[in-house]
Amino acid sequence: MALAGSKNFSVLPGFGPSLGYTLVYLSLIVLIPIAAVILKTLEMDWASFWSTVSSPRIVATYKLSFGAALLAAAINSVFGLVLAWALVRYSFPGKKIVDALIDLPFALPTAVAGIALTAIYAPNGWLGRLLEPLGIKIAFTPVGVLIALVFIGLPFIVRTVQPILEDIEIELEEAAASLGANRGQTFWYVVLPMLWPALLTGFALAFARGVGEYGSVIFIAGNIPMVSEITPLMIITKLEQYDVNGATAIAVVMLVFSFILLLIINALQAYTAKKTGRSF
Amino acid sequence: MSIEVKKLNKKFGDFTALDDISLDFKPGELVALLGPSGCGKTTLLRIIAGLEQSDSGNVILEGEDASDTHVRERQVGFVFQHYALFKHMTVFDNIAFGLRMRPKKTRPTEKQIHEKVMSLLKLVQLDWLANRFPAQLSGGQRQRIALARALAVEPRVLLLDEPFGALDAKVRKELRRWLRKLHEELHVTSIFVTHDQEEALEVADRVVLMNQGRVEQVGTPEEVYNRPATPFVYSFLGSVNLFNGRTEQNRILIGENSFQHEHSLDAGADVFAFARPHEIKIVTDMNADGLAAKVDRILSFGSSNRVELDDLKTGQLYEVSVTTEELAALQLKPGQQVRLTPAHLEVFQSAD
Numbered sequence: 000m001a002l003a004g005s006k007n008f009s010v011l012p013g014f015g016p017s018l019g020y021t022l023v024y025l026s027l028i029v030l031i032p033i034a035a036v037i038l039k040t041l042e043m044d045w046a047s048f049w050s051t052v053s054s055p056r057i058v059a060t061y062k063l064s065f066g067a068a069l070l071a072a073a074i075n076s077v078f079g080l081v082l083a084w085a086l087v088r089y090s091f092p093g094k095k096i097v098d099a100l101i102d103l104p105f106a107l108p109t110a111v112a113g114i115a116l117t118a119i120y121a122p123n124g125w126l127g128r129l130l131e132p133l134g135i136k137i138a139f140t141p142v143g144v145l146i147a148l149v150f151i152g153l154p155f156i157v158r159t160v161q162p163i164l165e166d167i168e169i170e171l172e173e174a175a176a177s178l179g180a181n182r183g184q185t186f187w188y189v190v191l192p193m194l195w196p197a198l199l200t201g202f203a204l205a206f207a208r209g210v211g212e213y214g215s216v217i218f219i220a221g222n223i224p225m226v227s228e229i230t231p232l233m234i235i236t237k238l239e240q241y242d243v244n245g246a247t248a249i250a251v252v253m254l255v256f257s258f259i260l261l262l263i264i265n266a267l268q269a270y271t272a273k274k275t276g277r278s279f
Numbered sequence: 000m001s002i003e004v005k006k007l008n009k010k011f012g013d014f015t016a017l018d019d020i021s022l023d024f025k026p027g028e029l030v031a032l033l034g035p036s037g038c039g040k041t042t043l044l045r046i047i048a049g050l051e052q053s054d055s056g057n058v059i060l061e062g063e064d065a066s067d068t069h070v071r072e073r074q075v076g077f078v079f080q081h082y083a084l085f086k087h088m089t090v091f092d093n094i095a096f097g098l099r100m101r102p103k104k105t106r107p108t109e110k111q112i113h114e115k116v117m118s119l120l121k122l123v124q125l126d127w128l129a130n131r132f133p134a135q136l137s138g139g140q141r142q143r144i145a146l147a148r149a150l151a152v153e154p155r156v157l158l159l160d161e162p163f164g165a166l167d168a169k170v171r172k173e174l175r176r177w178l179r180k181l182h183e184e185l186h187v188t189s190i191f192v193t194h195d196q197e198e199a200l201e202v203a204d205r206v207v208l209m210n211q212g213r214v215e216q217v218g219t220p221e222e223v224y225n226r227p228a229t230p231f232v233y234s235f236l237g238s239v240n241l242f243n244g245r246t247e248q249n250r251i252l253i254g255e256n257s258f259q260h261e262h263s264l265d266a267g268a269d270v271f272a273f274a275r276p277h278e279i280k281i282v283t284d285m286n287a288d289g290l291a292a293k294v295d296r297i298l299s300f301g302s303s304n305r306v307e308l309d310d311l312k313t314g315q316l317y318e319v320s321v322t323t324e325e326l327a328a329l330q331l332k333p334g335q336q337v338r339l340t341p342a343h344l345e346v347f348q349s350a351d
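These protein sequence lines are chains Z and S, in that order. Following numbering that gives the first Met the number 0, the numbering of the first sequence begins with 0 at its first residue and continues without gaps. Following numbering that gives the first Met the number 0, the numbering of the second sequence begins with 0 at its first residue and continues without gaps.
Some hints here could point you the wrong way.
[To be verified] To spell it out: a stretch of chain Z is covered by chain S in this simulated footprint if at least three of its residues, at any positions, have a beta carbon under 8 Å from a beta carbon of chain S; those stretches are:
| id | region |
| --- | --- |
| 1 | 35-46 |
| 2 | 196-205 |
[To be verified] No farther apart than 35 Å at their CA atoms in a straight line, the calculated lysine-lysine pairs in the DSBU-like style are these:
| id | chain 1 | residue 1 | chain 2 | residue 2 |
| --- | --- | --- | --- | --- |
| 3 | S | K86 | Z | K94 |
| 4 | S | K104 | Z | K274 |
| 5 | S | K10 | S | K110 |
| 6 | Z | K273 | S | K110 |
| 7 | S | K121 | S | K5 |
| 8 | S | K103 | Z | K274 |
| 9 | Z | K273 | S | K312 |
| 10 | S | K121 | S | K169 |
| 11 | S | K86 | S | K104 |
Hints were generated in silico from the structure; no laboratory data involved. Each residue gets a CB set at the ideal place from its N, CA and C atoms; glycine is no exception.
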C-alpha cells in the first residue's frame, strides 16, 4: 500500500489533497445530513421513539420495503445476468437499441415510471385487464411494489456485470470443456465465481436503490395501510403532518437496517475475495 | 494414441486457414507444428482438439472418426498459450478440476484426487505451491501447472498451443528441455504449436512445417534443416542468403558471376538459390571469381563471427559466418571490397 510517507514516486502524486478532498466532500454531502437526522431523532425520548418506529403500520412498511427491495435485487441478479450475457456473448439485430434501453430506468423520472407502470398494470390497463380475469392483481398490491423495484433496479446489475463478463477469456471455458466439464459445470464452477463480486456489487446497489425508492412505487402501490405502504411513504406522511421527529425516527431505523445489510454484503465480498485469491 | 487428419479445410470468411491438410501422427510421438503466424498451425491444433470445427475433412483418433465428437469427450489435454488457469481456484483445485467434474460413477474419491494431484505436482516439481493462487505464480510456473491440469484427466493426446510463447528466453529454454524429458517419461502423443524454429527443432521428434494453410514439409529436425523440400522451408529455418539467377548448362548465373550446381534444371530458367551463412566464403582477392560485395559490419561475439556485406550492384544484404581464425586471417575492415563464393547452393526453379 502506498502511504503518504513512502519514498515511492508515483506518476500522479496527490495522496494528501485527494484524501482531504474525500473527507471534506463525504462530510458535506453524506455525514452532516445523516448526523442531522440522528440529532433530530435524539430530541425524542426513548418511549415515544419506540412507539413511533414499532407501531404495527410502520413495521408492516419495513417488511414490504426491505422484503421487496431484497427480492427485486435477487430477481434482477438472475435476469440482469441473463441480459448482460446475451449482450456480451451474442450479436443480434437491434443489440445497440437493447443496450440503450437498459439505461432507461436510470434516466426516466421515477414518477413517470410509476405512472406508466400503474397505467399498464391497473385493472383497466393493458396488462392488468388481461390478468384481472385470472384473479391476478398487480397494481395496488405488494406485487406492484416489487415490479416497480425490479424495473428501477435492472440497470445496476446489467451495468456492473457486463464489463466483467466482457473480460472473461473464452479460453477459460474452452479449458474447462477440454477437461471434461459440461456446460452447466463450466458455468457454475468457472464463469459464475468470476462474476460473484460484480453480482454482489450490483445486488447491493439495486437493493439500496430499491429501499429508498419513492417516486415509481407510490403510484403503483396504492398505499393501502398494512398492505402496500412503503417506509419512505411513512416518512413523507409524518412530514406532511409536521411530525419531523417521527419522520427522522423512521429514517434512523431505515439507516440502521440498510447499513447492516450493506455491511453483510461487504463482508460477503471480502469473504469471496479471500476464497478466490483476489486478496491474499 | 495415433492421430490422423484427412483433407481438412477451414476458412474464416475469405481467409483460408487450412487448405486440404492430411497428416499422420504416430503413437507416443512429439510433433511440432511450425510456421509463421497466420499459417494455420493453431487452427489445425484447435480442430484436432475439437475446439474448432473444420469445414470439411476428418479427424481420426485411434482409428475412430472423432470429427463430430465434442471436445469434452475427445479426452485431449489442451495447454493454452496464456495458461487459462482458473484464477479463482488454488493450484490444487485447478489440477483437481477435471477429476471433480467427472460424473459421479467415474469420479475418484477426494482422497484419490488428492493423491493424484500431489503426484502431478511432484511431476512438474511444484508440489510446494499447492495452496497458492495462479496470480501468485511466475509465468513458467503457471504453464507447468496448466500442463499438470491437462495431464490430470489422463488425456489420450496432449496438445500445446505455443506453450512457451509468453515466457522470457531463459525460462523458455529451461521449459523446453523439461518438456522433452517429461515426454520421454510419459510417452503421450503430443503436438505442440510454435513459431520458434529453434524450439521445434530442439524438442520435437518430427516437425511439420506449415505456410499459408498448407503443409510444406514433414520430417525429423535433421531432415527439414538439412534437406529442405521447398524454398519456404529453406528460408524459414535458420538464416539464409538468397540469390536470384538464371541457369546456363550446368552453371547458374547470378549477376555477372556463374557458379557450379548439381541440380537438374531447365536451361535458361529463372532460379533462386540459397546459401547458409557458413556456406559462403569471403575472398579478399578482387580478381577471383565471385560476387562483388562491400563489408558493412563485422559482428564478433559468441561462438561464431558474422560479417554483414552489401552487394556492390544491387545493395542486397548478405550474411556470412566465419570462424575466429578465418576472421583474423582475412583482416576485414568495414567498407572493404571483397568477393563472395558460395561453397554450396540450394537451387530452386522459379514457379513461373
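Of the hints given before, which are not true for this structure?
1, 2, 5, 7, 9
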